[in-house]
Amino acid sequence: MEMALAPETLARWQFGITTVYHFLFVPLTISLAALTAGLQTAWVRTENEKYLKATKFWGKLFLINIAMGVVTGIVQEFQFGMNWSDYSRFVGDVFGAPLAFEALIAFFFESTFIGLWIFGWDKLPKKIHLACIWMVSIGTILSAYFILAANSWMQHPVGYRINEQKGRAELTDFWLVLTQNTALAQAFHTLSAAFLTGGAFMVGIAAFHLVRKKHIPVMKTSLRLGLVTVVAGGMLTALSGDTLGKIMYEQQPMKMAAAEALWDGEAPAPFSVFAYGDVEAGHNKVAIEIPGLLSFLAKDDFTSYVPGINDVNKSEQERFGPGDYRPNIPVAYWGFRWMIGFGMTSFAIGLAGLWLTRKKFMLGKHLRVGDDEVPHVVLFKNKALGPTLTKWYWRIAILTLGFPLIANSWGWIFTEMGRQPWVVYGVLQTRDAVSPGVSQGEILTSMIVFTTLYAILAVIEVKLLVKYVKAGPPELTEADLNPPTKIGGDPKDADKPMAFSY
Amino acid sequence: MELHDVWFVLIAVLWTGYFFLEGFDFGIGVLTKLLARNRTEKRVLINTIGPVWDGNEVWLLSAGGATFAAFPEWYATLFSGFYLPLLLILVCLIVRGVAFEYRAKRPEEQWQRNWENAIFWTSLLPAFLWGVAFGNIVRGVKIDRDFEYVGNLWDLLNPYAILGGLVTLSLFTFHGAVFAALKTLGDIRERARKLALGLGLVTAVLALAFLLWTQADNGDGKSLVALVVAVVALVAAIGANQLGREGWAFALSGLTIVAAVAMLFLSLFPNVMPSSLNDEWSLTVTNASSSPYTLKIMTWCAVIATPVVMLYQGWTYWVFRKRIGTQHIAETVH
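Protein chains in written order, with this note's numbering: chain A, 1 to 502; chain B, 1 to 334.
Keep in mind the hints are simulated off the structure, nothing from the lab. Computed from a predicted model, the values in this text were never measured in an experiment. Errors might be hidden in some of the hints.
Heads up, incomplete: computed chain A residues facing chain B, CB under 8 Å, no partners named [claimed, not checked]:
#  : residue
1  : Ala67
2  : Val70
3  : Val71
4  : Gly92
5  : Gly96
6  : Ala100
7  : Gly437
8  : Glu442
9  : Leu444
10 : Leu476
11 : Glu478
12 : Thr485
13 : Gly489
Glycine included, every Cβ here is placed at the ideal spot set by N, Cα and C.
My request is simple: use the sequences and hints to build the entire structure.
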């Protein structure tokens, strides 16, 4: 059969498309839930109306986003069975458990409390309503943890044995699956990147309004909150990325050698800045390198030996039998770079922004502004940037909202494609995981259907986001400022229209 | 009772929860065209399930996830075998979720009408297709010695399964009408009760035929009890509805669903997916289940989590216990 249309290829493309698409919404959902909850907490504690406006504004964007996250997540849960039935049969005993936990514990939490939060403005006392959005936030984080633990098991299977008679992997230590270092590091890395994403989203949209001098008090608060989130999230992403990288050098040396296009092991090993190679011949034609840095990234010193692609391939052939155990090297190499590049650019922009728009610290008195004025963009103590540079700063700040989304996508493409040809590293190859009973036509149909549907929904979603971004925070109503004191709503409001209705 | 039997029961419980809860919200979706006379009434109906439909749908995800964990072979055979119908269900659930959330987000009438049409179709189709799917599971499909489904799409569209689909569609719509009568105010409440009578009678005929057919093919004493409970509950639900006892009518239409699902699972046991080619090739609670260790962990999770979920979901229904009428629907765009 044509390789390009082989069921395995199609099923992989479908998984890639639906997963990358789903993961555009996931990090935004995780971070915006927590950030909205934080803003609402500020409202409940201070009664300053700008926080309520901010809550409503970001809450709206959060809801538009989570709707897509939820529905595209349904596909994720079922496509293992549809396209990867042999995978499901082989790993279900191990892999199914975290998924079931995710549904029973996290999904119920999220979905039930999100309903309470959306419709609860005029039905729940202030503090209980606030608790609901925190519950949603906890749900999103738990959900991420369970699914990442499941994925970590694919990266580094632990706590299982192979049952030869049944031809499957069986769980022996669930706690180990949930708490192995791969799972902890992946969760740490993914969650901090989620906050980098949400922070950048806030920075970009706040900058959009501030450069137009609109909704200043709300957007200034949002800008600062976004910048702090970007900086904290970015720093933690880098830290956890370093940890995860070191773990991967231990657990999947092939992935990391591919990420560096390091063909043959070296001691000390250099970090590659740019490489262009010949995959067939197994070497680079062009390489710009920083000596010793890769040894440091992998092992924390500048001299250690790091194995190359050819070495790992050979050792895997000895362990697992003849075959090609190399992933797609250019994708791994560039995916790794785009992940780091876009993620860290956004972090750098956030760090610069945090300094440039500071309120008081090292800032001349004449440059300090009131609550309803756009902050000056100030590099040194007494001098603001000129109009051109200021304009460019805001432009870049707007652009940064897209960077982490690109970084996240490449991060997943890198880590999943870098594991190939394995679906469960060292245990099950991807070609043995597809559904044998599903025809090429069926997979092709579902791929076309999902891709088309997702494309249409993307257009609808982005247009809707743009509309609500442009509209800015809503004006507050009497009802907003006088929440009910009784659960279910105050009796005097019995005939009033619902505060929110579909 | 061994752990895989416990898990057979728990999977049945999760599906029952799903059909009980999403049953009426599929029904509400269908009723937007059958019951509502204008667009404000459509919104009244949609908003009766507004805060809860998402939580209801998670019962499906839990049933799916739990099947994956507890019966990997069942999960694999079912979802790879019923590929295209499942694809259609997934597409419906995706569009439906977005439709609820986005419908009121723009003022243009065409935009809103498009999403209203989407809500109708994406409620109607899964309500029908789940019945077809379960009809086929109970009846048995072409499964080979490797537990692979070897039939085609047309094999799934047999008279028994289609009758099953019509039963779920009409039963869910009836359940939805009874729910609408319980949750709305004014004119639409009266009409919901009148419509529920007709829907209830249609359901009674279809369900009786389907359940008797099931009993004749696969039944035993226990499934007969469930059959009788289902039929009595359905008749009582229709009666309670006629007497204007809306709470009772809803509880009884819910009981009908519980008993009907129970009957299907009882006639299935100890198979989970019988093969119509050879009894030896049927998937059973023993040959399709996970290891005892996994089942034990899953049991702890389910036994603790499910009651807690029922508590806080129940609390949600209590928070939004007030009836909704046209006066509660604001004109604004959110």
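* Which of the listed hints are broken here? -> 9, 10, 11 and 12
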